[in-house]
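Asker: Go by the hints and put chain C onto chain W.
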Amino acid sequence: MSAGVEDVRASGTSEESTTPLRAVGRPEAVARRALGRTPRVGAAPSRATSTIVLVLAGVFFLVPIAAMVEFSLRQGRTGSYTLQHYAAVLDPAQEYAYDGLFQGTLNSLAICAITVLIVLLVLLPTMILVELRYPALRRALEFVCILPITIPTVVIGVGFLPVYSVIARLVGSDAWSLAFAIGIIVLPYAYRPIAVNLQGLDVAMLSEAARSLGAGWGTVMVRVLVPNLRRGILASCFITIAVVLGEFTIATFLSRTTFQTALVLIQHTDPYVAVIFALLALVFGFVLLLVIGRLGAVRRRA
Amino acid sequence: MAIESPAQPPRSLVSEGAAVELVDVVKEYGGHRALAGVSLTMRPGEFVALLGPSGCGKTTVLRSLAGLERIDGGRIRIDGADVTAVPVNKRDIGMVFQSYSLFPHLTAVQNVQFGLEMRRVDAASRARRAREALEMVGLGSLGARYAHELSGGQQQRVALARALVTRPRVLLLDEPLSALDAKVRVQLREEIRRIQIELGITTLFVTHDQEEALAVADRVAVMHAGAIEQVGAPEELYSTPATPFVADFVGLSNRVEGEVRAGRVLVHGAELPLLREEVQDGPVIAFVRPEDVLFADSGVPATVVSSSFLGSVRRTLVRLPDDTLLSVQHETSRRPAAGERVHVRFGGRAVSVSPRPARG
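Protein sequence lines, in the order shown, are assigned to chains W and C.
First residue of the first sequence? That's 674 in this note's numbering, and the numbers climb one at a time after it.
First residue of the second sequence? That's 635 in this note's numbering, and the numbers climb one at a time after it.
Chain W on its own, in the form it takes in the complex:
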């Protein structure tokens, strides 16, 4: 994320950015001469160390996933493997069995859409407004946005119970209404990427420049600010989607069927399908991360 920020400032800071490298390099070289060998204290880890760390971390993540794949292919306790569990998911005859899961997935996607809208239409304009007009409130906004991460979700869930009795009366108890609660849960994750992007941009000056060229506020937003915040905004949205798909606690507390709650339910009757869907969710998350990374690469080339 910071790469784009540096791009923007690159011309101004190229000189400063080389200085720390030199500063780090120099004492190391002095120490090497004094000791006659390469000291490792405080330096980058050796190739061997970093390989070991990488392999251990890889194993830590890959073993459970491999186990999930292996499990989803098992045929009962016969010891042989089959694709029948995957086929079953797509089998119309068994649709009723997985109805809850499909419904939960659809609900979660609806919640994703609404939560993303909340991020785009409430959080983003608020952050830009604070940056432009009320910079003194920057710290307060950051505090409010980071707050949900410091409170256990269980506590938030309990707190939402009375709130949602009111919401249910106002808009009904459809699953999508969960987006209001989840919109708060995702704040810390959605806030960060946009904030980082904003930091690297002189929003006030860019909008003044645009306005002096004849642009109204709407044009400033759409033509100048949003394009320059594109990476932060996209990262925010993707992280939001990932968080929504992984959300379980609030949905359970408020008794709504979402992807995660349905997954837990189906695990009792068909653990294979639960694992298959969990795998699909992982793949989906992986693709999202790839997309974020790719967007960053595109910007860097530009």
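No lab work stands behind these hints: they were computed from the structure.
Small disclaimer: the values here were computed from a predicted structure and weren't measured.
One or more hints might be untrue.
[Said to hold, decoys possible] Only part of the chain C face toward chain W is listed, based on derived beta-carbon distances under 10 Å:
(1) Gly701
(2) Thr718
(3) Val722
(4) Leu736
(5) Pro738
(6) Leu740
(7) Met752
(8) Arg753
(9) Pro802
[As the list claims (entries may be wrong)] Across the chosen pairs, the derived CB separations fall in these ranges:
(10) W:Phe921 x C:Asp706: 54 to 62 Å
(11) C:Gly707 x W:Pro825: 30 to 38 Å
(12) W:Val964 x C:Pro678: 50 to 58 Å
C-beta: ideal position from N, C-alpha, C; glycine also.
Answerer: Quick look at chain C alone, frame taken from chain W:
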């Protein structure tokens, strides 16, 4: 450096130049008076520099004229029309900012086209006019570059092209050179002046650098503490400063303690005429230019502190017996050494003075 020899400004950019009038402009920030009734008139096509130390309100004047600050009193007129209530995007001004303000997501040529798009100019004329404007600032071949692929000086050139391409009525330059290194700064300021004269656009140039202001402007307005102290041609400010502040701020001045008596000021045994004779008798600080202090065979004894070579002249710092430091400007043929004992005298040109509390 990738700057081609600049093209003649295209006819499409030449403007009539608008008259600008600020009348008693007042601006307050939470009780603090940033502008205490600033009045300034700019003739069509005139290049006026607004000069002052940081915090004197010069940028606030420019921002008020741009419409970026709402003023708390007074009127602003462009070509006779009152624009006090007109928002910035409708004022038809061109502006170049202190820091690099190009839109990072657009190429140079797209940046230049932005203002034309806002005015709904068709794509073909947009492309032509943007190209012409970039050629005018000597960057015709770099239109496809993004801001981060341009040097600071090039970015400010693009910003200048972007500000001028819409043929604004007034050009506002808010310390556009202060982020650049010395050589580029001088080069670009000459070029801004050349383009300004060729286009005939009324220009307000804000700077804290007096050399810059005196070098390029038709007239310079010196600001101090939210008010304009003096407006005049560069020579006028230098030779007949209206206030002690101007005398001290514009050009280099020695501050010498003296005493006014009957319309003349006595400094170190010399009697100098006053620029303004209506000064009351009493102790004063006199502002004496380094070129008005001369080395002599007799006069006030002094010790050389240091001497610096400035190309066509040499400036030598000397210490008088009462510890006053004096800067003496003289020919380069004389090279005083530090510690050398010399004598100085005053040239006798009229000086400005500012009252000072008498010593206890």
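Asker: Decide, hint by hint, whether the structure agrees.
Answerer: A quick look at each hint next to the structure:
Given hint, Gly701 of chain C at the interface with chain W, holds; its Cβ is 8 Å from that chain's nearest Cβ, closer than 10 Å. This hint is violated: Thr718 of chain C has a C-beta 17 Å from the nearest C-beta of chain W, more than the 10 Å allowed. With a least beta-carbon distance of about 5 Å to chain W, the hint placing Val722 of chain C at the interface is held under the 10 Å criterion. For Leu736 of chain C, the interface hint holds, since its Cβ comes within 10 Å of a Cβ in chain W; the closest pair sits about 8 Å apart.
For the restraint placing Pro738 of chain C at the interface with chain W, the shortest Cβ-Cβ distance is roughly 5 Å, inside the 10 Å limit, so the hint holds. Here the hint on Leu740 of chain C is kept, as its CB sits about 8 Å from the closest CB of chain W, short of 10 Å. Given hint, Met752 of chain C at the interface with chain W, holds; its Cβ is 4 Å from that chain's nearest Cβ, closer than 10 Å. Below 10 Å, beta-carbon pairs count as interface contacts, and Arg753 of chain C has one with chain W at about 6 Å; its hint therefore holds.
Annotation: Pro802 of chain C was flagged as interfacial toward chain W, and the flag holds, the nearest CB pair being 9 Å apart, inside 10 Å. In this structure the supplied range 54 to 62 Å holds for Phe921 of chain W paired with Asp706 of chain C, their Cβ-Cβ distance being about 56 Å. Taking 30 to 38 Å as the suggested C-beta distance range, the pair Gly707 of chain C and Pro825 of chain W does not conform, at roughly 56 Å. The supplied range of 50 to 58 Å is met by Val964 of chain W and Pro678 of chain C, whose beta-carbon atoms lie about 55 Å from each other.
Comparing the model with each numbered hint stated earlier shows that hints 2, 11 do not hold.
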